[in-house]
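Undergrad: Chain by chain, the residues:
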Amino acid sequence: MSNLRLQFASGVAAPTAALLVAVAVAAGGGRAAAAVVGGGGSVKTDCLVVFDAPANEPARRPRAVRCTDGDPCDADGAVNGRCEFSVSVCANSTADPRCASPGVAAVVVANSVDDGTPGFDPEMQALAARLGFVLELPETRSDRCGAPTTIHVAVDGPQSNGRCRKGVKTIRMTAVSTAAGGRVRTDVDRLKLACLPAAAGCGARTFFASTFDRIQTQIFDRSCAVGGCHDSQSTRANLLLERGAAYDNLVGKTPTNADAAAAGWRRVATLDAARGDTTTSYLFHKVTGDLPPGFGERMPLRRAKLDEALIAVIRRWIDAGAPVDGWVPGTD
Amino acid sequence: MAISRRSFLKGSSLAAASSLVAPALLGNPFVRKAFADTIGDRYFLSVFLDGGNDGFNTVLPVDDGGATLRTAYDAARTTGSSGINIGPAALAGTLIGTDPGSGAQLALHPALTGFKQLYDAGKLAVIQGCGYPRPNLSHESSRLAWETGTPPGQSAGTGWLGRYLAANYTGNDIPAICLRWGLGGEFRQTATSVLATGRLRYLNFPYDPAFWDDIERKRQAFHALYTGAQSTGLPIADYIGASGIATLLATESYAGLHDLYESDRPEFNQAYEDLDERLGYNLREAAKVIHGIASGVPNVHARLLDVATGGYDTHSDQGSTTPDGHHWGLLAEVGNSLKLFYDDCVDMGVGDKVVIMVWSEFGRRVPQNDGGTDHGTQYPVFVLGGAVQGGVYGNHPNINESALSDDGNTVYSQAAADPFRSTDMRDVYGTILKHWLGMAHGTILGSVLALDAGDPAERWTQENFDMGFLA
Numbered sequence: 121m122s123n124l125r126l127q128f129a130s131g132v133a134a135p136t137a138a139l140l141v142a143v144a145v146a147a148g149g150g151r152a153a154a155a156v157v158g159g160g161g162s163v164k165t166d167c168l169v170v171f172d173a174p175a176n177e178p179a180r181r182p183r184a185v186r187c188t189d190g191d192p193c194d195a196d197g198a199v200n201g202r203c204e205f206s207v208s209v210c211a212n213s214t215a216d217p218r219c220a221s222p223g224v225a226a227v228v229v230a231n232s233v234d235d236g237t238p239g240f241d242p243e244m245q246a247l248a249a250r251l252g253f254v255l256e257l258p259e260t261r262s263d264r265c266g267a268p269t270t271i272h273v274a275v276d277g278p279q280s281n282g283r284c285r286k287g288v289k290t291i292r293m294t295a296v297s298t299a300a301g302g303r304v305r306t307d308v309d310r311l312k313l314a315c316l317p318a319a320a321g322c323g324a325r326t327f328f329a330s331t332f333d334r335i336q337t338q339i340f341d342r343s344c345a346v347g348g349c350h351d352s353q354s355t356r357a358n359l360l361l362e363r364g365a366a367y368d369n370l371v372g373k374t375p376t377n378a379d380a381a382a383a384g385w386r387r388v389a390t391l392d393a394a395r396g397d398t399t400t401s402y403l404f405h406k407v408t409g410d411l412p413p414g415f416g417e418r419m420p421l422r423r424a425k426l427d428e429a430l431i432a433v434i435r436r437w438i439d440a441g442a443p444v445d446g447w448v449p450g451t452d
Numbered sequence: 120m121a122i123s124r125r126s127f128l129k130g131s132s133l134a135a136a137s138s139l140v141a142p143a144l145l146g147n148p149f150v151r152k153a154f155a156d157t158i159g160d161r162y163f164l165s166v167f168l169d170g171g172n173d174g175f176n177t178v179l180p181v182d183d184g185g186a187t188l189r190t191a192y193d194a195a196r197t198t199g200s201s202g203i204n205i206g207p208a209a210l211a212g213t214l215i216g217t218d219p220g221s222g223a224q225l226a227l228h229p230a231l232t233g234f235k236q237l238y239d240a241g242k243l244a245v246i247q248g249c250g251y252p253r254p255n256l257s258h259e260s261s262r263l264a265w266e267t268g269t270p271p272g273q274s275a276g277t278g279w280l281g282r283y284l285a286a287n288y289t290g291n292d293i294p295a296i297c298l299r300w301g302l303g304g305e306f307r308q309t310a311t312s313v314l315a316t317g318r319l320r321y322l323n324f325p326y327d328p329a330f331w332d333d334i335e336r337k338r339q340a341f342h343a344l345y346t347g348a349q350s351t352g353l354p355i356a357d358y359i360g361a362s363g364i365a366t367l368l369a370t371e372s373y374a375g376l377h378d379l380y381e382s383d384r385p386e387f388n389q390a391y392e393d394l395d396e397r398l399g400y401n402l403r404e405a406a407k408v409i410h411g412i413a414s415g416v417p418n419v420h421a422r423l424l425d426v427a428t429g430g431y432d433t434h435s436d437q438g439s440t441t442p443d444g445h446h447w448g449l450l451a452e453v454g455n456s457l458k459l460f461y462d463d464c465v466d467m468g469v470g471d472k473v474v475i476m477v478w479s480e481f482g483r484r485v486p487q488n489d490g491g492t493d494h495g496t497q498y499p500v501f502v503l504g505g506a507v508q509g510g511v512y513g514n515h516p517n518i519n520e521s522a523l524s525d526d527g528n529t530v531y532s533q534a535a536a537d538p539f540r541s542t543d544m545r546d547v548y549g550t551i552l553k554h555w556l557g558m559a560h561g562t563i564l565g566s567v568l569a570l571d572a573g574d575p576a577e578r579w580t581q582e583n584f585d586m587g588f589l590a
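Just so you know, the sequences run in chain order A and B.
Convert by adding 120 to the 1-based position in the first sequence; the result is the number in our numbering.
Convert by adding 119 to the 1-based position in the second sequence; the result is the number in our numbering.
Since the hints were made in silico from the structure, they are not lab data.
Yeah, the Cβ is synthetic: ideal placement off N, Cα and C, and Gly gets one too.
A few of these clues could be false.
Some but not every residue of chain B turned toward chain A, in silico, with C-beta under 7 Å [what the hints assert, rightly or not]:
hint, residue
1, Ser-257
2, Asp-432
3, His-434
4, Asp-436
5, Asp-493
6, His-494
7, Asp-525
8, Gly-527
Only chain B is shown next, with the shape it has when bound in the complex (with noise of 0.2 Å):
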């Protein structure tokens, strides 16, 4: 076979960074095991903004309403040449409901007008206040405390998806597909296979790139080795030859998908690149999943997706009151592009199929620094789609500089007759299990999320995975 070392260990490691794959995999690999019936003909796209978005930039107090909201946001951010404060005028487009725990009128900031439609059409709920007990101001420690959906120090390593994925699926499929250069952190379990690939049509099977024209037989001999590995019993063996048999039917089946999309929906394809935006580009990489779910390609089934955008770690000259700020550039690039998917979606006849979740690993600190904010805490969260009952949800952080921690921080709470009480982002995922990915209550806090130890009024001790957002 005209396959250099050389090159197959460059093509592994391809395929290692590609793709996911766990030690109990794979009996047969062209007998799919029935779908499981837990997320039937549903999706679930989970949104990552790297970095940490400012939140109380994302969603702002207009008024005081029965507290001092608005003063205290113009008493911590100033206007002027670098100020990030944000006007009433400024957000008279974007208004949305009131703050459930202060009354206070809230809207969007004004670059999020995707999200504003959204939110007129009913289709998307704002989840106020996300996060979760002692935040950590670590982009990695706080990254994972969300992805795993633990509070850091306590992880088991596994996402909270991944424990999901863990008890329904076994290794006779790929449940999940991460549309970035990297597997989510929130889909990490050793159960079942996640594909990772930033580009669809990058995934390829590494064979010898220089000779192609006896890549049938290449075919033959790397599927007849794979299979063979399965059947010596070694669990070495049979990891290799799980996680080879698992790549090799991915590139064949998810590689095509970008084609069929490009010639299949040419208005939308065209309308992503009429936006060019990053994270439009990535969204399309998920249409093009859900395209092939709908279309019937075979050994394509991957209903929980994943993307990812950065750029939010704002320290510096934020931009958040100009068109051509940063700040700015990044909400709209996230309204826009949403929306542009949301449409899709319901040109594809999916739209009631499909929810999204809009997170980041943490929000901004309250007070601005020169021009931009430092690390932070608590921030809202997005989810969106034709099933979503939209409204305002979860309290806005109590941002009076009495209240803050002293770094200039708000605090978690969970204390019941808190107006400023936070939502604990297990609330969030825990609602999304139930009500979405048709998970059990008892389940859910069995293998997934655990309640933790300690004083109910700081720690998350009382689940309520019936948040509403969600029927």
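So here's chain A without its partners, still in its complex pose (with noise of 0.2 Å):
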């Protein structure tokens, strides 16, 4: 026995506080400029784990990947809204000569778990999952690299004011050695992932297929169906917003709240196909904040009030009856 066991035990025996991960040789294929990226800390240790992320223009910042949405460093190609970017990391890498890695007895991908908390992505989960798939704690044979993850990453807008920011997703990681080098190193690594709005291209239309679907992208997918609140772990107040369940949860149907059940309210109220009822739409109320007592507290709950513009989108879809495909004029 040995010390190099108990601190192997001690980091492997709580499963469930992070993903821990582990080996497999890269696929390698098909992406055409990428880099070895440290993410890192000190020179001597920036080996335990590293990504294999597309090369960085410029190539002296190569931990901040900036990228124009339809770029070809977009590997989607298209003005969408968003780009994709292929990511591995590797444990164990030879990339930099200066480090000598004494092997990784474990990694955490931070945002990882799907355990309720607000920051899950299951992008994280995915990356760290395929590193996991490759790796055998404590593993000490040499760049061990997992399978390329997508991320992606969304341009933020359209705003109120029809303009389109950056988005920005960073990925974050801590491995800890093994002990074989006499001491416990560990090697936090960060990547930061920027999609730019392309010149001409930010636009509802562009962006998003119909009314809803951007309500969905937009409002949902980003405010809404995160860990904790209204995503499959969770199902807060019994309302499930992630994509492809959403609709059918909110049209027509009958709120948890009692209040508002007994105020004969709806999630969202339509008349008829072409039209519905804001007034009596516990969605609206919901991110507008105006809510009688005990109708429950404003949403997103303790963060920031959604853009008016996309409140807007939400009145305007309610009152042209929530449907479920097409634009409705001025949503776009």
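Fit the two chains together into the complex; they arrive one by one in their own frames, and the hints show the way.
TA: Rendered as structure tokens:
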């Protein structure tokens, strides 16, 4: 027995605390310009885990990858309001000769555990799982790389002023070494991925397929169907707002809030196929915060109010009968 | 004694993590209770797929049969760049039987070639539509339901196999071992000891790692300490003494199984290396225990085994349709690893003595999101082994959009005339308990699995412990 084992056991004995991941040989193929990114920290320990990420322009800032929507660096190749990056994680990298990894005992990717925490990101989970797929902890083999994961970063917008801003997603991970080198070392890494709006590419009809798709993508996906809230893990107020489920859970459905239900409200109240009623639509009141006592709290809970333009999209959509397809005038 | 308090505490936390030891434990640790005649010379292995396996892309309808299953599948899951729809042509090599409810031709995911071989050999039971009433979409809650064998909110906290252990074993033995870094919840109970370690070779008693020359004297001292603690009559001292003895014995007997297996079974040892899959490595630990029991290693008797593997929470970038995809890789891992483990068992002469159940905490939603699937309800369980009556059991869930719940999930049903009637997890458990672990029907109902109250169409009010996959 040795310290190494204790270290290993104590690091791995609580797999629910964080997703522990391990290694395989990189699939390699297909990507144009890629770079091994250490991710930060002492150069002597930066090889415990590294990113295999798109090469940045300029190359001197490899940890902050910037890409304009639709440019060659955007793997989906289209001006569609989001950039696609292909990223994988490798353990015990040999890319930098100044760093000799003593082996990896554990790797934690931030926001990768679907446990009801608000930061949970399924793409971080996928990244961690792919690395975990190829690691046998404690991992001492060199250059064990998970298969690439597609990371989507959405352009932020269109905002109320009609403008779009860059969207950013940051991958954070921490690796803990074995004690083979005499002490346990950690390697804390981050990789920032930014998607910049294309010059003439900021518009609802460019980004979304319909009014409801805009509501789903720009509001629900980003602010509601998140960990601890209206995702399938938590399903607060018995309301699931994930893509594919949200529409049926809203239109014509009775709220779980007893007072709102007693008042005859619906989550989204429609009168007929072309008309709705915002005054008795709980969703509308929840996002505006215009709620009688007992009707609960404004959403998103304890976070900034939705952009006025987005609230207006919801209002117009409900007024038009909450159509599942097509564009309601004034929402594009 | 050259042992620092700090290193002992560090070591003790390892021991605590590695073993669950119960209050009423161990009379004389060296005199084992005669082995219970329930499991006899058999083994049972639970394989947990952590995260919620996408059952609808694991066992698929190839055609509509008498219903519209394939049509509904194609409507819910798209082809194309981020699509997860697997077409009939890709399923031609992994066809299995037909769906009992609809008559639709079924197939395994194309990555499950290992399972296909076992199915063709009659050693794999595919049990469709497994779940429990009022399904919960939380990983924690749903896993707890499956582990405890009780619907959410009704759990007494013990595992379904834990209650089986409590009914058959006292503290004199370690009847079960979890080959993972923590206790499998299905074994949770307080009547006997269950061991847990991800890798047997890391199992060790927390002596002072800095001084090895006086290990034997330390061992004697700890043994005397624990034995003495058990004769004080104080419950807490009894607990400490019993857990200490159990840990001491386990570390001395189980840790050596690693070297024993490597030296006795080099070909299979290498085969797991060549496979290079997490689940394969985990199953190799189970094979080491089986080999240890078969070799008569003292104090090694754990015939109930547990392994787990993860990565199934495929919300995003699921990758079902090509061999470099994530879910494809997961299923290839499962099929190939378990095929190898089964072959290993056959080679050890226990192929028809080992039954394996593969389960997850839930399935995935029928409609896909962008490129993945969200939390779901019923899914197929696999039971495999030489003694298993292979075939398709239970009905495919009704995935037609009109039949789904508001959140896009299939609905649990126990209605007798329903061609899509679900398989309650407790019927699977009960069949295993009755036909493999030797528990009497009435005892199962009385002390392990309790029937639900309520509407017989929507609750588990009538058991079926004779599903047929075990004779």
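Undergrad: Take the hints in turn and mark each one as holding or not.
TA: Checked hints:
{"no.": "1", "hint": "Ser-257", "verdict": "holds (6 Å)"}
{"no.": "2", "hint": "Asp-432", "verdict": "holds (5 Å)"}
{"no.": "3", "hint": "His-434", "verdict": "holds (3 Å)"}
{"no.": "4", "hint": "Asp-436", "verdict": "holds (5 Å)"}
{"no.": "5", "hint": "Asp-493", "verdict": "holds (4 Å)"}
{"no.": "6", "hint": "His-494", "verdict": "holds (4 Å)"}
{"no.": "7", "hint": "Asp-525", "verdict": "holds (5 Å)"}
{"no.": "8", "hint": "Gly-527", "verdict": "holds (5 Å)"}
Violated hints: none; the structure is consistent with every hint.
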